[in-house]
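Number of protein chains: 2
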Amino acid sequence: MRPVRLAIDTVGGDHGTPVILEGAIAASRRHKGELIAYLCGNEKSIRSQLRDFGLGAQEISDRYIVVDCPGELCASDSPSQAWKTRRDSSMVRCITLQKEGLVDASVSAGDTGILLGAANFILGRQDGIARPALAALLPTSRKKPSLLLDVGANLTCRPQQLAAFAKLGCAYIKKLTRKDHPALALLNVGKEPDKGTRVLADTAQQLKKTCPNFIGYIEGSDILAGKADVIVTDGFTGNIVLKACESFHLLVESVMHAKSELMDMLKTDLSILNAENYGAAPLLGINGIILKAHGRSSPKAISNALATALVIARGNESA
Amino acid sequence: MRPVRLAIDTVGGDHGTPVILEGAIAASRRHKGELIAYLCGNEKSIRSQLRDFGLGAQEISDRYIVVDCPGELCASDSPSQAWKTRRDSSMVRCITLQKEGLVDASVSAGDTGILLGAANFILGRQDGIARPALAALLPTSRKKPSLLLDVGANLTCRPQQLAAFAKLGCAYIKKLTRKDHPALALLNVGKEPDKGTRVLADTAQQLKKTCPNFIGYIEGSDILAGKADVIVTDGFTGNIVLKACESFHLLVESVMHAKSELMDMLKTDLSILNAENYGAAPLLGINGIILKAHGRSSPKAISNALATALVIARGNESA
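Heads up: the protein sequence lines correspond to chains V and A, in order.
Here the first sequence stands for residues 0 to 318, where the numbers follow numbering that gives the first Met the number 0.
Here the second sequence stands for residues 0 to 318, where the numbers follow numbering that gives the first Met the number 0.
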């Protein structure tokens, strides 16, 4: 098998080129002989940094091709124009290399909008796809990730787009996991068929006809439960839920920070992640105090809901 | 100070009346003398269960008032009609008690739609509020919760509604935490003023004029960071992100389950929560393979992004 050729935008990341290069070196060593990295960016700087990382001339020439890209992207560049006006930037160059058949895939940590625009205009869309989607793998409690899409390329979506995302997501997961019939779900505010918006109802109807692996709606609480391999939503919701999930581990780390040896202490602190400690959801805008507890409330959740009601009722008295 | 009178719907929870009663008893003992619980449901069953929990006649008569509600809600009841057709159900009775001035607040774990409808029609809305909102407290890494709203009462929202939710949320947090100027934010796909939808731009403009404590947009990753005391969003996004956050501790527990003593082992496993292990976001629908890594990518994230690109490129070869 010939090595896979990967174009890497060494410029786009928030932490600068060294961080991107360190990652590229790690992957290249882990997959020795399997990949050739096309490092796009400032050639002089890339070569000097590769040497700083201790790579010899032989390793560099065997595994890396440095592509000099003198241009730079600006924050003010238009997503629909940058692919034309910034042809010599590292990001646009990565995609052009792919268009020219010189690489098999591209990786960039740069601006999402510009990347989308460049990919769209230089590589074009697949047949029958009106808008590309951005997808993300999320960890699940079943120890296999689920693919969530769209996560920000299309803030609002029509049923046709969502149905197209479903196909794209399933095809991607098949490729990534070799699973032939990935379970497909639509993200909604409830599992029941009558929940959600008109757009979701229409999408579900389409998917029922066209996707035998469509398992219906799932709720936010099932995103991390691994019930679906592919979860389809609009880019606004997807972006926000993705970023929230990604930030979870920061919360866990902040919980663990001050603590040390014992799991018991940890478990106590992890309880702040448990929604039942926050009681119930207040209904606001009503002339009165209504707290909506979870249907699945435990005694503790109910007790906390009552404590909350108490505080609010007291607050009304003193207002 | 006279005790606060709380109406409790003992029927609505998924786990049945005993769970609700156990919570009520815990709250009542914790806040001894401060609250009187109006237990709405099947009187005979409630009284028998209170005795099963070991409560004596004196404790029951001192702290509880049992309100017999012979009616029952059905899954098929209409949210806009049930308040009329199910007057003798425990949930509607709770709200009616509040309307009659017999209780100060109500807690229910029953159907959200019916609860909203009943609250809306029986108690009415506050002045200037077109639609009530449902709010939820989320844990944050600053160890103080943030209030997220709407979390499901209004799936799509106009700017006027979102601005009204902002006011409702700030007023509630002031009451709950006695914080005079709670930091208010709008949930969006980016921090920059040009990000997001037209509805959000219009809402932000309104809030800038009317709320001195408006701190602008925040992203999904900052929901749990405690940057804002009140976070406003539409009910669709809010519902999904809330449920995802609430389910997070299940993921942590599933990670911890098989493990025992050592924090090191735990830390290794918690790494599945760390998005950088999932590399980059694939751009789907494009004729090509584009992976969008985070701007804040670490070497490990980049390395994993490359590994993903490798798998996908290999998958294309064999397809």
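Please note: incorrect hints may appear among the correct ones.
When chains are identical, the list treats them as one kind, so a pair holds in a single copy or across two.
To be verified - Okay, derived cross-link-like pairs now, SDA-like style, lysine to any residue, Cα gap no bigger than 25 angstroms in a straight line: (1) K98 / A306; (2) K43 / H248; (3) K143 / R313; (4) K143 / D61; (5) K166 / T84.
The hints are simulated quantities; they were obtained by calculation from the structure and are not laboratory data.
Computed from a prediction, not measured in an experiment: that's the story for all the values here.
What are the numbers of the hints that this structure violates, sorted from low to high?
2, 4 and 5
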